[in-house]
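Visitor: So you can see what is in the structure, the chains are spelled out below.
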Amino acid sequence: MKKTYLLLILLISIVGCEKEEVNLLETKGLSKIETVSKEDVNNFIKTEFNSSKKSGLTLYPEQIYLDTLKNSDESLTIIPAQSKYSNVNSRILLLKVNGKIKQVVFNMISTSEESDEFTGRIIVTDLDGNFLTGYRLVENNFVTQYVKKNSSNKSSECDPNYGSNICDNMLEEVIITTKPSSPVMYLYLNIDGSNFNSFGLPAMTEPTWYFDGGSGGTVSTITTAPIKIINELDNICASLIFNQMYLSSLNTKLPEKIRNPDNKLEVFDITNGILALFNQSSLFDYTINNRYLSDKNASTIGASTTLSTDYLNKATQLSIARTMIHEMVHAYLNLTTANSPQIDNTNFYDLMMAFARENGFNPSGTEYERNKFQHEFMGGYVKAMAYSLFKWDINHGTRTNLGWDYYYKMATAGLIYKDNNGIWQDTDAFNALFDEVGQSAAKKIINNEANNSRDAKGSDC
Amino acid sequence: MRKVLIVNFLILFCTISCAAQKNNLEGKFCNSKYTQDYATCFEFKENGRFSYRSGGDMGGDEVGSGKYYKKDKSLILNYEKRNLYNLSYHKASQSITRNDSITYHFNVRNLDGKPISNTVILYKDFSSSKSHWFTLDEDAEGFLNFDRAPNDSIEFRFSYIGYNFYTIELRKDYNYYIDVFLTKDGQEMPIDQHTETLEIITLKNNFLKLKNKKGIVTEWFNRE
Numbered sequence: 001m002k003k004t005y006l007l008l009i010l011l012i013s014i015v016g017c018e019k020e021e022v023n024l025l026e027t028k029g030l031s032k033i034e035t036v037s038k039e040d041v042n043n044f045i046k047t048e049f050n051s052s053k054k055s056g057l058t059l060y061p062e063q064i065y066l067d068t069l070k071n072s073d074e075s076l077t078i079i080p081a082q083s084k085y086s087n088v089n090s091r092i093l094l095l096k097v098n099g100k101i102k103q104v105v106f107n108m109i110s111t112s113e114e115s116d117e118f119t120g121r122i123i124v125t126d127l128d129g130n131f132l133t134g135y136r137l138v139e140n141n142f143v144t145q146y147v148k149k150n151s152s153n154k155s156s157e158c159d160p161n162y163g164s165n166i167c168d169n170m171l172e173e174v175i176i177t178t179k180p181s182s183p184v185m186y187l188y189l190n191i192d193g194s195n196f197n198s199f200g201l202p203a204m205t206e207p208t209w210y211f212d213g214g215s216g217g218t219v220s221t222i223t224t225a226p227i228k229i230i231n232e233l234d235n236i237c238a239s240l241i242f243n244q245m246y247l248s249s250l251n252t253k254l255p256e257k258i259r260n261p262d263n264k265l266e267v268f269d270i271t272n273g274i275l276a277l278f279n280q281s282s283l284f285d286y287t288i289n290n291r292y293l294s295d296k297n298a299s300t301i302g303a304s305t306t307l308s309t310d311y312l313n314k315a316t317q318l319s320i321a322r323t324m325i326h327e328m329v330h331a332y333l334n335l336t337t338a339n340s341p342q343i344d345n346t347n348f349y350d351l352m353m354a355f356a357r358e359n360g361f362n363p364s365g366t367e368y369e370r371n372k373f374q375h376e377f378m379g380g381y382v383k384a385m386a387y388s389l390f391k392w393d394i395n396h397g398t399r400t401n402l403g404w405d406y407y408y409k410m411a412t413a414g415l416i417y418k419d420n421n422g423i424w425q426d427t428d429a430f431n432a433l434f435d436e437v438g439q440s441a442a443k444k445i446i447n448n449e450a451n452n453s454r455d456a457k458g459s460d461c
Numbered sequence: 462m463r464k465v466l467i468v469n470f471l472i473l474f475c476t477i478s479c480a481a482q483k484n485n486l487e488g489k490f491c492n493s494k495y496t497q498d499y500a501t502c503f504e505f506k507e508n509g510r511f512s513y514r515s516g517g518d519m520g521g522d523e524v525g526s527g528k529y530y531k532k533d534k535s536l537i538l539n540y541e542k543r544n545l546y547n548l549s550y551h552k553a554s555q556s557i558t559r560n561d562s563i564t565y566h567f568n569v570r571n572l573d574g575k576p577i578s579n580t581v582i583l584y585k586d587f588s589s590s591k592s593h594w595f596t597l598d599e600d601a602e603g604f605l606n607f608d609r610a611p612n613d614s615i616e617f618r619f620s621y622i623g624y625n626f627y628t629i630e631l632r633k634d635y636n637y638y639i640d641v642f643l644t645k646d647g648q649e650m651p652i653d654q655h656t657e658t659l660e661i662i663t664l665k666n667n668f669l670k671l672k673n674k675k676g677i678v679t680e681w682f683n684r685e
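Protein sequences appear in the order of chains A and B.
Under my numbering, think of the first position of the first sequence as 1, with each following residue one higher.
Under my numbering, think of the first position of the second sequence as 462, with each following residue one higher.
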């Protein structure tokens, strides 16, 4: 099935403050576009070749070709090129806009050869290698957009995967969560299955370019990838933490099976598995947001998590990350209990039910009955949650190893239930994990991080 | 001059200290000093009104409000009437069939009447004790056929993430037309109108200790 994706549109707005003369796509008003003539192409190569050399590009003028711009009578001129990085597939795109030749360098960097569908990065630069825009794709889906940081320290060593003189610390990734609305859709790219499977000049296959607009400024309707993970957090720090977890889940395959919570469970990154599940499901979305919650730190109804704004304002990043992980597990258990046939995990459902039967829980009862069941059941997944937290922390949080015991204790937070007298109690699962000293130590760590007290080890948010 | 400064400082300190360590009920008292994945809190206001909320991280908070007053060592809470919580329900009709098989027709909606697409039905035939899954279509409609067996019955559980589960049991004797209406998860659960008297064991330094009729003692911390 063909999937159509917006690509270079945002270039227009992003590049607004950059060098205007290098914009391939100027935009507002949808100026007149024309195919670049042979003469203009030759002149471009003569005059610009030197500058392109600066960015390490070798052009292949003998392989120049025109590519159809669908929905238009004009064509896009493509000059195959090779950067100094062997894993980067580059080309220069030329188009005449309002009588001026506009050009960009289009770099494709595959990070996976396992599938016929393209997984990797697309980075668009000017001829000097200055970053204009970029995207990360997973199996042909545009999942994140690279955005240049306002300020960054250019390190001496660049990540060659970007295919230009762009360094990792110069870019941020932003999840593409909503359909673009107001910007005028102008030129976009169609990615079709195996097109991106092979790389290397000159035998590469090409994407199809679409022109959408014409003179006058029509706003097109473009189908973007289905929105599966919806980040509506307006707390920037919390939003970043969630994005970091989400991004690390993108290349994750679901665990073949999730084993019975019997403490023989292999440690795996449960967050990755859960986010990958929602991302791959065509029926179910996971939403996370924040708002005022009376006095608790979070709530998950169905597959929608709400974090307390007050809590986000005072907790450490580590505490927020652990709460996100805990709530994502609730969403996963909610989904499994209600809709397991549609996510193909009835086996896991059967394991849940067996656990419930043996221990006298009601997984499909009232909120309090389900709360008790899920928090008891979660006791078998503390290692997996701790591993998710550990992995996030060493990559994004403190960037140091706080010790397995610290993450493990953090992961036991929230294993509580409300008894028949309306009193919140620790679950049997929590009590079984530690002796009394350990329980007390775990609670202290959890509270320190939740309140960012003097003894907290997590970073400020 | 120095003495005046010291006296002023002591007065200021006392004022701040007394304000911070009030010994009255006004304010918010929760059963934990810290923000947790759960909370149970009273909020007592100057005008003699209070509110109560208790909930975990899966919603369904218990909520109540009304008037309160202290009498000797008792705290009297008069909970007022609140809007009731609407439960899931179903409407069923039936027709006689002369065939050897019967049909159950399903239609599942939320309480506003909007179809809940792809609702899952888990059904258990008591004759075999085996469970099976069935998924309704995008219009939240579907049907299932069974052999007619008037002495047997079958249990259907309707579920969709974000909605309460709903279970019904029907005999395998007639054709049935079943409209199910599901309540959303996580809605507040009102506490009914009633009066509750609690014994105040301790009320000082932003700390409240109460005992209910069952003799259960609870501790509450001022969270303001």
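Hint data in this document are derived by calculation from the structure and do not stem from the laboratory.
Please note that the accuracy of each hint is not assured.
As the list claims (entries may be wrong) - DSBU-like mimics (lysine-lysine), calculated; alpha carbons at most 30 angstroms apart, straight line:
1) B:K665 to A:K444
2) A:K443 to B:K672
3) B:K506 to B:K670
4) B:K489 to A:K443
5) B:K528 to B:K633
6) B:K542 to B:K675
7) B:K531 to B:K542
8) A:K443 to B:K528
9) B:K672 to A:K444
10) A:K443 to B:K531
11) B:K645 to B:K585
12) B:K494 to A:K383
13) B:K665 to B:K675
Visitor: Are the hints correct? Go through all of them and say.
Guide: Tested hints:
Distance hint between K665 of chain B and K444 of chain A is fulfilled; the C-alpha atoms sit about 24 angstroms from each other, no more than 30 angstroms. Proximity of K443 of chain A to K672 of chain B is assessed by CA-CA distance (about 25 angstroms); at most 30 angstroms being required, the pair is judged to hold. Between K506 of chain B and K670 of chain B the alpha-carbon distance is near 18 angstroms, which keeps this suggested pair within the 30 angstroms criterion. A hinted pair counts as satisfied when its Cα atoms are at most 30 angstroms apart, and K489 of chain B with K443 of chain A qualifies at roughly 23 angstroms.
A threshold of 30 angstroms between alpha carbons decides the hint, and for K528 of chain B with K633 of chain B the separation of about 53 angstroms lies outside it, so the pair is violated. Between K542 of chain B and K675 of chain B the CA atoms are separated by roughly 24 angstroms; this keeps the pair inside 30 angstroms, and the hint holds. Restraint check for K531 of chain B and K542 of chain B: the C-alpha separation of about 21 angstroms stays at or below 30 angstroms, so the hint holds. Restraint check for K443 of chain A and K528 of chain B: the C-alpha separation of about 35 angstroms exceeds 30 angstroms, so the hint is violated.
Taking the CA atoms of K672 of chain B and K444 of chain A, the gap is near 27 angstroms; set against the 30 angstroms cutoff, the hint holds. Distance restraint check for K443 of chain A and K531 of chain B: the Cα-Cα separation of roughly 34 angstroms exceeds the 30 angstroms cut-off, and the hinted pair is therefore not satisfied. Annotation: proposed proximity of K645 of chain B to K585 of chain B holds, straight-line Cα distance about 24 angstroms (limit 30 angstroms). Simply put, K494 of chain B and K383 of chain A have alpha-carbon atoms about 27 angstroms apart, close enough for the 30 angstroms limit, and the pair holds.
Of the pairs offered as hints, the one joining K665 of chain B and K675 of chain B holds, with about 23 angstroms between alpha carbons and a cut-off of 30 angstroms not exceeded.
The earlier numbered hints that this structure contradicts are 5, 8 and 10.
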